[in-house]
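Please take these sequences and the hints and turn them into a complete structure.
Residue numbers (our numbering), protein chains in the order written: chain C, -19 to 150; chain H, 6 to 370.
Wrong hints could be hidden among the right ones.
Derived pair list, reagent style DSSO-like, types lysine-lysine, alpha-carbon separation capped at 27 Å [as the list claims (entries may be wrong)]:
| # | chain 1 | residue 1 | chain 2 | residue 2 |
| --- | --- | --- | --- | --- |
| 1 | C | Lys138 | C | Lys127 |
| 2 | H | Lys7 | C | Lys127 |
| 3 | H | Lys222 | H | Lys253 |
| 4 | C | Lys101 | H | Lys155 |
| 5 | H | Lys326 | H | Lys7 |
| 6 | H | Lys326 | H | Lys87 |
| 7 | H | Lys155 | C | Lys63 |
| 8 | C | Lys77 | C | Lys101 |
| 9 | C | Lys29 | C | Lys101 |
Just so you know, these hints were derived from the structure itself, not from any lab. All values derive from a computational prediction rather than experimental measurement.
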Amino acid sequence: MTNAQTTAAETLSAERLLCLGFAAPDDSALLQQLSASRKIIAMPTSEAKYAVLAKSGEIGAALALAVSHAESIEALVLLAPSKAEVDQTGDGLAEVKAQVLVLAGTRDAEGCEAATAFKRKRAASHLVYVYDAASDMDTERPEAVAKVTLDFLTRRDKFLVSNADGRITR
Amino acid sequence: MKAALFSTCKYHGPALDGGWPVPGTVYSHEAAQESMQLSLDQFKLADELGFDWVTLAEHHFAPFSLTPNPMVMAGALTQVVKRAKIALLGADIPILNPLRVAEEFAMLDTMTGGRVVAGMLRGTPNEYVTYNINPAESRARFEEALHLIKMAWTQTEPFGWQGRFYEYRTVSIWPRCVQAPHPKIYMSGSSPEAGEFAARNRIGLGFAVTTVPLAAKAAAHYREQARRYGWEPEPEDVIYRVGVHVGKDDDEALHDYVEATRGGAKVGLTMANRALESAIAETGYYGRDADMQRQRLMPRSLQERIDQGQILLGGPDTVLKQIEGIKRELGAGVLDLTVAHQMGAKTIRSIELLGEKVLPQIRQW
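Pasting the structure below:
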């Protein structure tokens, strides 16, 4: 078994964010928060580097894109993958070059199990539980999902290291 | 029925009386060392006498307890207590780092080969001042911290946590618990909210600083809620903490106890600073039956304490009858017997009488 080493990747990620699986993107509280610092795009592009945010139901599509657009897609954020979606990931997962963050809501037992299975399959991915949320965490706790997503997109693997200002007064 | 010996590891030396926090102006290192050793010796004796558990608790900033971090004391106990379970009732998880708590419990469970009982408490109201945590957040912090601790114990893949109060980017604790999936968890259960949460999460319930009638009411609510969630608590899911002093007969026990408490009944940590307690109450700390929660913390006369099951006092036969009453009214499966007042050889004799005359009987119940 290989050890999941954290790679020191570049810290500035793409500004563009392709969002998959959001039925009404304009009404999404999560996308509204992300759009403050990311340009939300609806279609894949090969003209610039970008990241992908995919909800359950579009996880497979996001992973396929990450393979077919490996030179463009720098990071993947997967929300609440289902067991079926994780089961379907095969050897192609090894071809994904992007760094991956998987989020699972703590009230979503199946999602937690699937996210764990994904983490086992791809040890270098990051698994983060969103407390007190189910599979629709983007509507239940958009601020929490936005916070960890933006931190990951901005700093990627380095998001493991806190950069919070711990001073009480400056 | 099981029996535990509980000690707050009280300080027996010079101290300024009253209030909270208590200044260390006249503190004696020697007395503190002796007090801690005394507790260790008593726990060792309890283990030898067949007590099922020995129990520690977390309290801060007062001579009432020298275990602000009971995990440290429990670490020492792992080398002294060879048979009984070591119960921490508990860690005050809303004021602590939950991952540190998970790690420490896992260490203790490893060191004891799986003899740790994990009490997860909100703590007494004053504890929120200790580490400057807003008491209004107490219950929400408790619930999230407990969820995170259980996840840290059971999840074998490294994970991060995006909570409301806690945020971690990667967690993978070592060592891991011996007991699978984790040690038995208890929480304090005097409020209806606590009973509901414990029932929903299949957690045991402990009652302390209360009366048998109040605990019985809360336990009935817990059992009713548990049935709603499709399970029936076992007797061992309910712990009742009670003060105790046993003498060779009733007269001796009463005489010795009255002598030892001649200075009058001490108020508990919470009511030692009424202004602070009021300020904490205003934050909503006590929940929806605040009046009753505060009522149970009020000081009572010795006779009231005996009548309401706050203290077991008498010869072995009398104490057995008192325990029978608690068992009948409350259905508790674990009695957490508190050595509330240290009387030297008389306290040792009291523990011996419990082990020799009382425990063999209640074990059959």
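How the hints compare with the structure:
For the suggested pair Lys138 of chain C and Lys127 of chain C, the alpha carbons sit about 15 Å apart, so the restraint of at most 27 Å is met. For the proposed pair Lys7 of chain H and Lys127 of chain C, the alpha carbon gap of about 48 Å is over 27 Å, so the pair is violated. Between Lys222 of chain H and Lys253 of chain H, the direct Cα distance comes to roughly 33 Å. Violation of the 27 Å bound is thereby established for this hinted pair. Proposed proximity of Lys101 of chain C and Lys155 of chain H is supported: the alpha carbons are some 23 Å apart, at most 27 Å.
Between the alpha carbons of Lys326 of chain H and Lys7 of chain H the distance comes to roughly 16 Å, so the proposed pair stays at or under 27 Å and holds. Of the supplied pair hints, the one linking Lys326 of chain H and Lys87 of chain H is violated, its CA atoms being roughly 30 Å apart against a limit of 27 Å. Between Lys155 of chain H and Lys63 of chain C, the direct Cα distance comes to roughly 22 Å. Compliance with the 27 Å bound is thereby established for this hinted pair. Between Lys77 of chain C and Lys101 of chain C, the direct Cα distance comes to roughly 14 Å. Compliance with the 27 Å bound is thereby established for this hinted pair.
Of the pairs offered as hints, the one joining Lys29 of chain C and Lys101 of chain C holds, with about 26 Å between alpha carbons and a cut-off of 27 Å not exceeded.
Hint violations for this structure: numbers 2, 3 and 6, all remaining hints satisfied.
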